[in-house]
Each structure stands twice: as C-alpha cells, then as structure tokens.
Amino acid sequence: MDFDDSPDEAEYRARVRDLLERHAADLLHLEAGQEGVDARTHEAEMRRTQRVLAEVGLVGVTWPREYGGQGGTLVQQAIVSQELARARVPALINHIGIGMCGPTVIAHGSQDQRDRYLARLLRADDVWCQLFSEPASGSDLAALRTTAVRDGDDWVVNGQKVWTTLAHVADHGILLTRTDPERPKHAGLTMFVVDLHAPGVTVRPLRQMGGQSDFNEVFFDDVRIPDSERLGEPGEGWRVALTTLMNERVAIGGAGGTIGLPVEAFVQHARERLPALDPERQVLARQAVGRAVVAALGARYTGYRRLTVLSQGGIPGPEASAGKLAGTEAARLVADAGVRLLGDDAVYAATGDGDDRWQRTQSWIPGIAIAGGTDQVLRNIIGERVLGLPPEPRSDKTAPFSGGRR
Amino acid sequence: MNFDLDDDQRDIAAGARDFYRGSASPAAARAGLEGGRLEPGRKALADIGFLGITVPDESGGAGRSVLDLAVVAEQGGAVLAAPSLVTAARAAVLLSGEPELAAQLADGSTAFAVLDGDPDESAPSVDAADATAFLALDGGDLVLGEGEVVPGRPLDATRGLASVRLSSRRVLAADAGELWARARRVAAVVMAAEDLGGADRCVQLGVAYAQEREAFGRKIGSYQAVKHMLVDAWVGVEQLRSLVWWAAWAADANPAELPLAAAAAKACAASVFEQAAGTLIQVHGGIGFTWEHDAHLFWRRAKVDRLLLGDEAEHLDAVARIAVAGALGG
Numbered sequence: 001m002d003f004d005d006s007p008d009e010a011e012y013r014a015r016v017r018d019l020l021e022r023h024a025a026d027l028l029h030l031e032a033g034q035e036g037v038d039a040r041t042h043e044a045e046m047r048r049t050q051r052v053l054a055e056v057g058l059v060g061v062t063w064p065r066e067y068g069g070q071g072g073t074l075v076q077q078a079i080v081s082q083e084l085a086r087a088r089v090p091a092l093i094n095h096i097g098i099g100m101c102g103p104t105v106i107a108h109g110s111q112d113q114r115d116r117y118l119a120r121l122l123r124a125d126d127v128w129c130q131l132f133s134e135p136a137s138g139s140d141l142a143a144l145r146t147t148a149v150r151d152g153d154d155w156v157v158n159g160q161k162v163w164t165t166l167a168h169v170a171d172h173g174i175l176l177t178r179t180d181p182e183r184p185k186h187a188g189l190t191m192f193v194v195d196l197h198a199p200g201v202t203v204r205p206l207r208q209m210g211g212q213s214d215f216n217e218v219f220f221d222d223v224r225i226p227d228s229e230r231l232g233e234p235g236e237g238w239r240v241a242l243t244t245l246m247n248e249r250v251a252i253g254g255a256g257g258t259i260g261l262p263v264e265a266f267v268q269h270a271r272e273r274l275p276a277l278d279p280e281r282q283v284l285a286r287q288a289v290g291r292a293v294v295a296a297l298g299a300r301y302t303g304y305r306r307l308t309v310l311s312q313g314g315i316p317g318p319e320a321s322a323g324k325l326a327g328t329e330a331a332r333l334v335a336d337a338g339v340r341l342l343g344d345d346a347v348y349a350a351t352g353d354g355d356d357r358w359q360r361t362q363s364w365i366p367g368i369a370i371a372g373g374t375d376q377v378l379r380n381i382i383g384e385r386v387l388g389l390p391p392e393p394r395s396d397k398t399a400p401f402s403g404g405r406r
Numbered sequence: 001m002n003f004d005l006d007d008d009q010r011d012i013a014a015g016a017r018d019f020y021r022g023s024a025s026p027a028a029a030r031a032g033l034e035g036g037r038l039e040p041g042r043k044a045l046a047d048i049g050f051l052g053i054t055v056p057d058e059s060g061g062a063g064r065s066v067l068d069l070a071v072v073a074e075q076g077g078a079v080l081a082a083p084s085l086v087t088a089a090r091a092a093v094l095l096s097g098e099p100e101l102a103a104q105l106a107d108g109s110t111a112f113a114v115l116d117g118d119p120d121e122s123a124p125s126v127d128a129a130d131a132t133a134f135l136a137l138d139g140g141d142l143v144l145g146e147g148e149v150v151p152g153r154p155l156d157a158t159r160g161l162a163s164v165r166l167s168s169r170r171v172l173a174a175d176a177g178e179l180w181a182r183a184r185r186v187a188a189v190v191m192a193a194e195d196l197g198g199a200d201r202c203v204q205l206g207v208a209y210a211q212e213r214e215a216f217g218r219k220i221g222s223y224q225a226v227k228h229m230l231v232d233a234w235v236g237v238e239q240l241r242s243l244v245w246w247a248a249w250a251a252d253a254n255p256a257e258l259p260l261a262a263a264a265a266k267a268c269a270a271s272v273f274e275q276a277a278g279t280l281i282q283v284h285g286g287i288g289f290t291w292e293h294d295a296h297l298f299w300r301r302a303k304v305d306r307l308l309l310g311d312e313a314e315h316l317d318a319v320a321r322i323a324v325a326g327a328l329g330g
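Line by line, the protein sequences are chains A and B. FYI, the numbering for the first sequence is 1 to 406, going by the UniProt record's numbering. FYI, the numbering for the second sequence is 1 to 330, going by the UniProt record's numbering.
Because the hints were derived from the structure by calculation, they are not lab data. Even glycine gets a Cβ: it sits at the ideal position worked out from N, Cα and C. Honestly, I wouldn't trust all of these hints.
[As the list claims (entries may be wrong)] Computed footprint of chain A on chain B; a stretch qualifies when at least three of its residues, placed anywhere within it, have a C-beta under 8 Å from a C-beta of chain A: (1) 66–77; (2) 204–217.
[Unchecked claim] Quick list of simulated restraints, FRET-style, between CB atoms: (3) 314/B with 4/A: 43 to 53 Å; (4) 209/A with 4/B: 38 to 48 Å; (5) 27/B with 275/A: 20 to 30 Å; (6) 396/A with 153/B: 52 to 62 Å; (7) 31/A with 121/B: 55 to 65 Å; (8) 5/A with 153/B: 51 to 61 Å; (9) 311/B with 351/A: 48 to 58 Å; (10) 34/B with 143/A: 50 to 60 Å.
Working from the sequences, and respecting the hints, build out all of it.
Structural data, given as structure tokens:
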C-alpha cells in the first residue's frame with residue numbers, strides 16, 4: 001500500500017504540470033469560487049481549451065492510441081484531472097463525449113464512424129451528448145418510447161428525450177430508440193449517432209431549481225438518420241447502452257470524492273468562516289465540518305481503492321455505484337455545512353457581497369442524487385448485484401413492449 | 001499510488017480469520033455476559049503472536065506494521081474476540097523504549113492494560129478487568145503500576161472494562177505527552193479496524209437472513225425497505241474500510257497524517273458499526289431482539305465502542321480542527 005506517486009507516476013505528473021504551465025496562456029482558468037460556472041458561458045473558450053489540451057496529449061488519456069488517445073492508465077487520467085483542478089482549468093466541455101460517447105463508438109461503431117468522429121471529438125471540434133432519458137423513462141431506461149422506423153436507407157425518428165446534459169451546445173449525440181415494439185422492452189432497441197443540427201431536432205434548455213440551465217429537452221420530429229449512423233445491430237441497442245452506462249459509472253463515481261466539490265475548497269471556506277461564528281455555534285459547526293470531511297475522505301479513499309483495482313486490470317462493476325452513492329452523500333454534507341458556515345447569510349441566495357457559491361452548490365445536490373441513476377436505483381443495483389439480494393418483482397421484463405403500453 | 005492490501009497482508013488476513021473463527025465466537029461473548037470466560041484469551045493471542053505483531057523482533061515480537069495489525073484486528077472484530085488488539089497496539093507504542101516490558105507484552109507473561117483518564121480513579125478502560133500491570137499518563141509522565149480494579153456491570157462483556165486506582169507507580173518516561181497521543185491514535189485506528197470487522201459481519205448476517213426469510217409471499221430482501229437498509233450499511237462499511245486502511249498506513253508511513261486519519265476512522269467507525277448493528281436487528285425482526293440471537297452482541301459492542309477512546313463528537317471535532325489547521329491544504 002502506498003499513496004505516493006510511483007516513480008513513473010511522479011514523472012508523469014511533473015510532465016503534465018509542465019505542459020499546463022507552458023500552455024497556461026491558451027487555457028481558460030477559473031477564478032476562485034467559480035467551480036460551478038456552466039459550460040455555455042464560455043463555450044468558445046472551453047472548446048479552445050480542450051483543443052489545446054488535446055494537442056499536448058492530455059485528452060483521452062485512457063483511450064487507445066489508434067483512436068487518438070494516449071493508451072494511458074486510469075491513474076494517469078486521475079493525475080491529469082488532479083493537475084487540471086490544481087491549475088484551475090475547468091472540466092473539459094466534452095466530458096460526456098470523452099467519458100461515455102467516444103468509448104461507445106470505439107466499442108460498437110464501424111471503422112468509418114470511428115474515423116469520422118473520434119479525432120474531432122477529442123479536439124472538441126464536435127461536442128457530444130447522450131440522448132437516453134425520456135419523460136416516461138428515467139430510471140426505467142428500457143421503457144423508452146422514442147421510435148425509429150426504417151425507410152429505405154434511412155431511419156425516421158420521432159419522440160422526446162429529456163435531462164440531456166450539454167444538448168444546447170452539442171453537435172452530435174448517441175441516441176437510444178425503439179425499433180421493434182413487438183419485442184420485450186430490452187430487446188427492441190437500437191442505438192444511433194444523431195446530428196443535433198439535423199432538420200427536425202429541437203433543443204430546449206430546462207431551468208433548474210438553482211436558476212442555471214445545464215440540461216435540456218430534445219424533440220425529434222421526423223428526423224432522418226442514415227443507416228450508416230447506426231451503432232451496433234438493430235435490436236441490440238441495450239447491449240450498446242450498457243457499454244455507455246458502464247463507462248458512466250466510472251466517469252461519475254470512479255475517481256471518488258465529493259461529486260463536483262473539492263473538499264479542499266470546503267476546508268478553506270471553513271477556515272475563513274468558523275472564527276466569525278459565535279463560540280457556541282462554532283462547536284456545532286465543527287461537528288458538521290468534521291462529519292462532512294469524514295464523508296468526503298471516505299468517498300475519496302474508496303475511489304482510490306477502486307482506481308487501484310481498475311488500474312490492475314479489473315473491470316468496472318456494480319460496486320462503482322457505491323462510489324456515486326457515497327459521493328452524493330458527501331457532497332450533500334459538504335454543501336449543507338458550507339451554507340451553514342455563512343451564519344445568518346445562509347438564508348439568502350447570496351451573501352451581501354454577491355457571493356452565491358455555497359447556495360448554488362447546495363442547489364445542485366438534489367439533482368446529483370437523481371442524475372446517472374437515482375440513489376434508490378443504485379441501491380437496487382448494489383443490493384441485487386453486489387450483495388446478491390433477491391430482485392425487485394418486474395411485470396414487464398418479458399412481455400412485448402407494445403402490450404398495453406401506448 | 002496503490003491503495004490495496006498486498007498478497008502478504010491477504011495471507012495474514014486469511015490466517016487470522018481461520019484462527020479467530022476457530023477460537024472465538026459471538027456465543028462466547030454472550031457467555032461472557034454471564035461471567036463466562038472470554039475467548040480466545042490473552043494466552044492464545046500471545047501464543048499465535050498477535051499481541052506482539054507491532055513489537056520489535058528483538059523483543060520477541062513480529063516487528064510488523066500497524067496495517068498488518070489492523071488486518072488481523074478486523075478478523076477478531078468479526079467474531080467479537082477478546083481481549084482487544086487495541087490494548088496490544090497501544091501498549092506496544094508506549095513500551096517502545098522498554099524492550100524487556102515489550103517482550104512481556106508480546107509473550108503474554110504480563111497482562112497489560114492502558115488506563116484512560118486520572119490514574120487515581122481511571123475512566124472505564126479496555127481490558128483492565130483482568131490485567132495486572134497498568135500503563136497510565138500521570139501528569140505528563142508515562143507510568144507503570146499495579147492497581148485496584150473496579151469492574152462495572154458490562155454492557156459489552158468482551159471489552160474487559162474496569163476502572164482502576166493505581167496502587168504503585170514507576171515512571172517509564174517523563175514528558176511523554178506526544179508518545180501517549182500517538183499510542184491513543186494507533187489504538188483508535190485498531191479499534192476502528194475491529195469495528196470494521198464487526199460491522200462487516202453484521203451486514204453479512206443481515207444479507208444472509210434477507211435472502212432466506214419470506215414474508216407476504218416474497219423473500220424480504222426483495223423489498224426495497226429492507227434491501228436499501230442493508231445497502232446503506234454495506235456502503236458505510238466500504239467507506240470505513242478505506243479510512244481504516246488509510247489511517248493504519250499513515251501510522252506506519254506518514255505520521256503527519258495520522259492525527260487526521262485516526263480521528264476520521266474512529267468517527268466513521270462509531271456511526272457505521274452502530275448503523276450496521278441496528279440494521280442487523282431490524283432485518284431480523286423480533287428474533288433479532290432476543291437474548292439467543294447474536295445480533296445484540298454486535299449491537300452492544302457498537303454502543304460501547306463509539307464511546308471508548310474518545311466519542312464520535314470528540315473525533316469529529318478533531319477532524320474539523322486538524323483539517324482547518326491545514327492538514328488538507330486548500
């Protein structure tokens with residue numbers, strides 16, 4: 001057991017740090033407290049930043065070299081992420097494309113699709129999104145109703161997706177559709193790459209409780225997709241989607257820690273705010289700070305354990321769902337304690353000087369507990385696939401999807 | 001970075017598991033509540049070398065790491081073994097300058113206990129009930145003495161809790177505050193490791209029952225209310241395992257991180273073990289509340305351990321203070 005970088009890792013870290021310093025002028029940097037700024041504000045700069053990082057080999061670290069990646073390890077990816085955070089460079093605009101869509105194209109796409117898409121994706125020439133959830137099928141993803149009907153060399157798509165992160169800036173998406181409603185719900189699905197600029201595609205941003213818009217509704221009205229944009233075989237869409245979901249688990253909970261909230265920033269906030277509270281409140285506030293830090297460290301080191309297993313050739317399994325559960329809980333404790341440390345100002349949407357960082361942070365948490373699998377669905381996955389508990393009763397698993405559904 | 005046990009440690013864990021399963025059990029913990037002997041006892045632990053895991057080779061110990069000891073302690077915790085390796089770990093730190101006494105600790109020829117609080121009337125201290133030699137902090141000095149033992153009626157018999165009034169004392173080291181603090185932190189880590197074993201066992205027992213028991217025509221484990229309770233306990237155990245390993249590693253390899261890591265592990269252990277033991281009872285329903293079922297034995301230890309070596313509030317406060325003082329950077 002050793003938490004320090006191995007000599008190879010230390011050398012890699014030094015190289016990454018050096019690259020970030022040398023190209024600092026070409027990269028977008030965040031101000032302190034700006035972690036939550038949404039990508040759209042800086043879309044052009046975010047794309048430019050990713051292109052610069054891609055050119056120096058810091059994007060697609062774990063992707064195979066033949067597809068423009070670096071053929072690196074998950075630990076190297078974690079080092080790059082840590083060093084980007086340290087340099088206050090925001091998360092890549094195309095994080096969904098790199099973490100989920102690209103690997104799905106690599107696994108199930110044709111050579112032609114790989115050639116056309118992957119290099120541009122890495123450079124953020126194209127931003128990608130993942131068109132899975134629908135109004136009537138969030139957690140129950142395989143109940144989706146968006147249809148694709150074959151018409152000559154094309155497929156014609158109708159339906160609606162929702163909660164689609166980045167669709168408002170995306171150029172392409174991977175789209176899960178129903179192509180055979182007479183088969184059971186997991187069997188009649190087919191996956192496509194869709195051009196978000198195609199006629200018939202309408203993107204409408206949703207406004208979240210915190211006021212910002214990170215995700216969207218996407219409507220498909222007779223959108224034509226050439227058959228050459230199919231990912232995998234017709235009817236095999238669920239298998240293709242599982243590749244995406246497996247990568248999503250690693251992307252969301254894989255590295256561990258509080259989701260989207262560096263514990264160091266929270267501790268800095270506590271350092272500044274604790275002395276301003278009256279002594280009795282300080283006692284209670286330290287309990288809350290301590291609890292949040294313990295949760296964050298537990299999630300971080302559990303992430304390190306998973307990373308160790310993966311870096312030794314392990315396969316991301318259902319255990320990764322525990323990382324998201326623990327990370328969400330830690331993020332909730334950190335955000336709540338962060339707000340409470342504001343004292344009386346905790347009841348306002350921003351403090352007197354206009355700083356709304358902790359209030360904004362707090363307003364993400366209910367969404368984190370839903371996105372990428374609700375806490376409850378993740379508990380089912382862990383309970384059934386890790387602990388071996390009996391499955392939830394399901395009445396619709398083998399019946400034709402169309403039976404009484406629509 | 002490599003955050004996993006090595007093959008050697010996995011072998012140590014497997015060996016400890018076999019030993020503890022063969023020599024201790026929750027049934028013995030129940031018998032202990034009615035005056036029965038605690039298992040496996042000091043002699044068996046000395047004979048297999050567990051009391052001397054962190055005692056140097058030249059004093060007859062194994063000269064191994066706190067992490068190795070924690071891996072063993074987890075297995076003892078799973079069967080509620082007594083005495084606690086907390087005592088051995090803590091005494092080994094305190095006796096690091098006393099090779100002869102350390103040898104007596106390792107071979108079991110002297111029954112040591114470490115006293116918390118005032119040596120003239122100590123707080124309830126682990127394994128003090130059957131000890132003959134007591135280590136205590138007297139003023140700033142580390143002292144060794146004999147004492148008058150006042151056992152209470154134990155909530156958890158396996159902890160050997162008693163208050164002690166020292167009747168003699170010999171100074172082993174003056175100005176020993178830092179040594180004492182390190183020993184207490186290592187003790188907190190080892191207790192968290194025992195709690196990890198106990199909590200993990202609670203989840204295993206609860207899962208096994210939920211897979212078998214039926215109600216309303218279904219296995220109860222298929223109900224989300226039951227399933228989610230067990231999953232939450234399991235997720236807690238995984239977080240605790242990470243913090244215990246980190247803290248034990250820090251005790252060996254990065255002493256500067258030990259104060260934060262030990263406090264985090266102990267605070268986490270307090271709530272995770274309590275949650276797991278409570279879940280075990282709830283999943284069993286009425287039977288889990290009976291004297292005959294093992295569930296209350298784990299529950300008892302969880303309720304006691306959360307208060308020993310500093311309660312959850314003390315350790316959460318320590319985590320906050322140490323983190324804010326700069327241990328995490330930021």
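Looking back at the hints listed earlier, which ones does the structure fail to meet? When the structure is compared with the hints, numbers 1, 3, 5, 9 turn out to be violated.
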